[in-house]
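First to last, the sequence lines map onto chains A and B. Letter by letter, the first sequence follows residues 1113 to 1547 in my numbering. Letter by letter, the second sequence follows residues 5 to 248 in my numbering.
If you are wondering where the hints come from, they were derived from the structure by calculation, not from laboratory data. Just so it is clear, CB atoms sit at the ideal spot from N, CA and C, and this is done for glycine as well. Honestly, I wouldn't trust all of these hints.
Using C-beta positions, here's what the derived DEER-type ranges look like [as the list claims (entries may be wrong)]: (1) Pro-88(B) <-> Glu-1240(A): 45 to 55 Å; (2) Asp-157(B) <-> Glu-1186(A): 25 to 35 Å; (3) Gly-110(B) <-> Gly-1185(A): 46 to 56 Å; (4) Asp-164(B) <-> Asp-1265(A): 22 to 32 Å.
Listed below are the residues making up each chain.
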Amino acid sequence: MTADRKGPGSGRKNLLTRRNALIGGATATAGAAAAVGIDTVRRGGLPGGGGNPQVEDASSTAPLAEARVGFHGERQAGVVTPAPAYGNFIAVDLREDVGRADLRRMLKVLSADAADLAEGLPPIADQEPELTEIPANLTVTVGFGERVFDVVDPSAKPGWLKPLPAFEQIDRLREEYSDGDLLLQICSDDRMTLAHAQRLLLKGLRGFGTVRWVQEGFRNASGSLKEGTTMRNLFGQVDGTINPTTEDSSMDDVVYGLMDGLEPWAPGGTSLVIRRIHMNLDTWDEADAPGREDAVGRKLSNGAPLTGEREEDPADLSATTPLGFHVIADYAHIRRATATTPQERILRRPYNYDLPVSAAGGLAGKGADSGGVSESGLIFASYQADPVKQFLPIQRRLAELDMLNMWTVPIGSCVFAIPPGCSPGGFVGDFLFEG
Amino acid sequence: MRNTISARRLGAASMALIAALTLAACGNDDPENTAEPSSAQSADAPDTHSNEEVGLTVTGQWAKAADSGMTAAFGTIANDSDEPVTITGVDSPASEDMQLHETVTGENGTSTMQEKEGGFTIQPGEELNLEPGGNHLMFMDLSCSLLAGDDIDLTLQTEDGHGMSFEAPIRDYQGAQENYDPSAEESGSVEDGEDHSGHGTEGTDHSEGDMEGMDHSEHGGSSESSMDMGMGDPAQDSLPSCSE
């Protein structure tokens, strides 16, 4: 009878049934029952189908197949979420004639689709529903540029939401990596999943705007590093030490503005600054290990400050050599980046990039932002409650003096407001439409 | 929208439950098995408020965005009752003329849509899939624009005079471009495209160089010509939104 009910359609039931068949459901009866079990587990262990051993089989053979990060909540996923292996950042320019009702419709579709994708379910009208089955920690995070507020609710626009001031000493910004009206951050441990999610979401946005730029980033593969290990960038440096953490209140304080001296632009909201940093691997090659460590102030081996043994050791900025010089040099990156106020902290969640090249050879010259056999760098993603109070002072100091500037060139820059998350049935930014 | 989405999200689970229930109902009267589906149906309540009367459950429903002319709606309709149910018609505030359509392969091998004579009969415990390239609910002449992100009301009419209403979310969609044949007897005589690619905005501005322009230019060769025939001049003003 179940077989009779199977139509030729591409309904979710069929997907579940097929997945179950792969797991090993032999009969139609077992198929239906196991499909219920899987679905129940996926929705948080509701009674009725739990304890199905076939589900455990599935996760043990394919650890990422059932790895989900829920879309809904007071805060959007993809910020404090441990960073998956792949992260794409996409800026959209909205059409000139887009109106408030249009953005409402756009955000409804975007949110509904993102929520389905995060669950491993095909969104409405997904023409490749099979590609949604493995979410692999997929997160979709939505950011608003100024334009969204101008159209929807100008009074809600955060005062800091505008391009960062130019850092003329270091910036060589390119339009194709800067600014935008709307941001999508899509992260997943499976590049297939990410590609399909991106395609599907951009199809939904196509009627409302154009893709301004895409920045594709990667980190270590899932399973390569122990959980919580700080990533390395393509200079080989440990990159992201002393991040705020959810193990104490620092993440709430820094990212969501719950500390004195900061204020969230909306409860559960934050901001994202993306700086695309070209890294000149050719001139970096000219620097030997002591020079590299001196430039940053950390050991290459484990990221420990030059005054300590372990990565988590606090840097002793006052320590001096027998000759009286600072152990951590005056121009060292970590000295210049050190917070001067309690608020001056950020959550760094960067991704590396490494673009294909063609007809490439030789060496990139000093200060060059292209050339040589590589096109590599960092998508420096920084989250904080207030970029002007938290990010900008650090960036100012680094622009003024940071030995790393010898080998790096900022080629893209943008600031987005990250709205709070939404509840099931709501959509990202829905609170802006209530007025 | 809220109800529609939540119902939809539960669709897979409830359909599987219904499948399990159907088996149980055929085989035994185990009270545990009858308890589960009732909870599933209550979870689907927003879409199945007519369930007891009509005996139908609609899941995964959606409609293809269009700013004028023709378009279609899809989904899965299950018969939860003990009797066959025949759907004889469909209504929507978006189009005075709506039809139940099937897609058939003609003698020359091309598939065409045509009105389903006698409607769709769904046997007890079975379901009808409405999907692009297959059976669907057809808006013959929109009186307003279906815009992606909005919802449209649809009401299925059954042979015994009942109606079952539900909301279908609207999405932009480039598929569902089957040739439309208004006359089942004269297959191939007139081929109107069904496609009217969705509009992003509520405005009537068709300025070039924006995404609207891209939408049209994306249609290659035959689909583009069928689109022109189907919706007339693509530059014609779009109708006001059905949600206004």
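Query raised in the report: Failing hints, ascending?
Result: Structure breaks hints 1 and 4.
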